[in-house]
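One letter stands for each residue in the lines below.
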Amino acid sequence: MTSRSAFLLGVRALLPMLLGVAPFGVIYGVVALQSGIPPLAAVLMSSLVFAGSAQFLLAQLVGAGAPALLSVGAVGLINLRHALYSASVAPVLAALPRRWKLLLAYLLTDEAYAAAIPHLLREPRSPQAHWILFGAGFALWFGWQLATLAGVLLGAQLPADLGLDFALPLTFIAIVVPLIDSRARLAAALAAGAVAVLLAGLPYKTGLFAAALAGLAAGAFMQSREKR
Amino acid sequence: MNWPNTWIWLWLICGLITFAIRYSFIALEGHVRPPGWFVRWLPFVPIAALTALTAPELLLVSGKLDLGADNPRLWAGLIAIAVAARWRNTLLTIAGGFAAFWLLR
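As they're listed, the protein sequences go chains R and L. Counted from 1, the first sequence has number 112 at position 113 by numbering that gives the first Met the number 0; the numbering is strictly sequential. Counted from 1, the second sequence has number 5 at position 6 by numbering that gives the first Met the number 0; the numbering is strictly sequential.
A couple of the hints might just be wrong.
Rough simulated footprint, nothing fancy, chain L against chain R, three-plus residues with beta-carbon under 8 Å [said to hold, decoys possible]:
no., stretch
1, 6–15
2, 46–54
3, 64–71
4, 109–116
5, 129–135
6, 177–186
7, 190–204
Worth flagging that the hints you see were computed from the coordinates, not collected in a lab. All C-beta atoms, glycine included, are put in the ideal place defined by N, C-alpha and C.
When you get a sec, could you build the whole thing from the sequences and use the hints?
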C-alpha cells in the first residue's frame with residue numbers, strides 16, 4: 000500500500016460519517032453565536048479545541064457565565080475518553096517521528112478513530128498505516144471547519160426570537176439518551192440531573208461539578224451491584 | 000469578555016488540554032495501558048456531565064422548579080428524550096424537540 004492509497008482509504012472510510020457530522024457542525028455555529036460568542040471566536044474554537052461535544056459544552060458554559068476554570072475542567076472531563084483512543088492507536092504509531100505523533104494526536108477524534116481503527120487493527124500491518132488515520136482525521140477536520148463556518152454564517156442571519164439556544168439542551172439529549180443502555184447508566188443520569196437541579200443556586204455554577212461527581216458515583220455504585 | 004484576548008486564551012487552554020489527553024498514551028509509545036478503574040468509570044462521564052447541564056435547562060424557570068404545563072422547555076425536552084430513545088437519531092431528536100417547543104410556547 001502506498002502512502003497515497005492509504006490516505007485515500009482513510010478519507011473514504013470517514014466520508015459517510017460527514018453526513019452526520021456536518022449538520023452537527025452547522026448547529027454548533029448557530030448556537031455558539033446564540034451563546035454570545037463573537038463569530039470569529041466561534042470559528043476559531045473549531046480549530047483550537049476541535050472536539051464536537053466539548054465545543055457545545057464550552058459554548059453552553061460561556062453563555063451561562065461560568066468561570067473559566069470550571070469551563071476548562073468540564074472540557075477536560077468530557078474529552079477524557081480520547082485517552083482510550085490514544086492508548087489504542089499508540090502501538091501503531093510508536094515508531095513514527097514525533098511530528099507525526101503530534102499531528103495525529105491533534106486529529107484523534109471519535110469519528111477519525113472509528114473510521115480508521117478497523118484498518119489499523121488488520122494484520123499484517125502496513126508500514127503506511129498511519130496515513131489511513133491521517134486521511135480519516137484530515138477529512139473530518141476539513142468537514143468540521145466548513146460546517147461550523149457555514150453555521151456561523153447562517154446563525155448571523157437568523158432572527159433572535161426563535162429560541163435557538165434551546166438547541167443546546169436538545170443536542171445533549173440526542174447525545175446522552177442513546178448512551179443509556181443499562182441501569183447503572185440510567186442511575187448516573189438521574190443522580191447527575193437531580194443534584195444539578197437541587198444545587199443550581201450555588202455560585203459559579205459549582206453545582207454542576209457536584210452533580211457530575213454524583214452521577215459518576217451513582218453509576219459506579221450501581222455497576223458494582225450489578226456485577227455481584 | 001474582552002475580544003479577542005479572553006476568548007482565545009480560553010480556547011487555547013481547552014485545546015491544549017484536549018490535545019494532551021489525545022497525545023497521552025501515544026507519547027508513551029504503547030508501553031503503558033490505561034488502568035481498569037479508568038476504563039470502567041469513563042462511560043459515565045459524558046452521561047453525568049451532559050445530564051447535569053441539561054436537567055436545569057428543562058426543569059428550572061428563573062431558578063425555580065417548574066413542572067407546570069406552561070413550561071415549554073420541559074415538555075419539548077421530554078418529547079426529545081422519547082424521540083432519542085425510540086430512533087437514536089441526533090437530527091430527528093433536535094427537530095422533534097424544536098417542533099414541540101415552537102408549538103407549546
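Hints and how they fare:
no., hint, in the structure
1, 6–15, "violated (count 0)"
2, 46–54, "holds (count 6)"
3, 64–71, "holds (count 3)"
4, 109–116, "violated (count 0)"
5, 129–135, "violated (count 0)"
6, 177–186, "holds (count 5)"
7, 190–204, "holds (count 9)"
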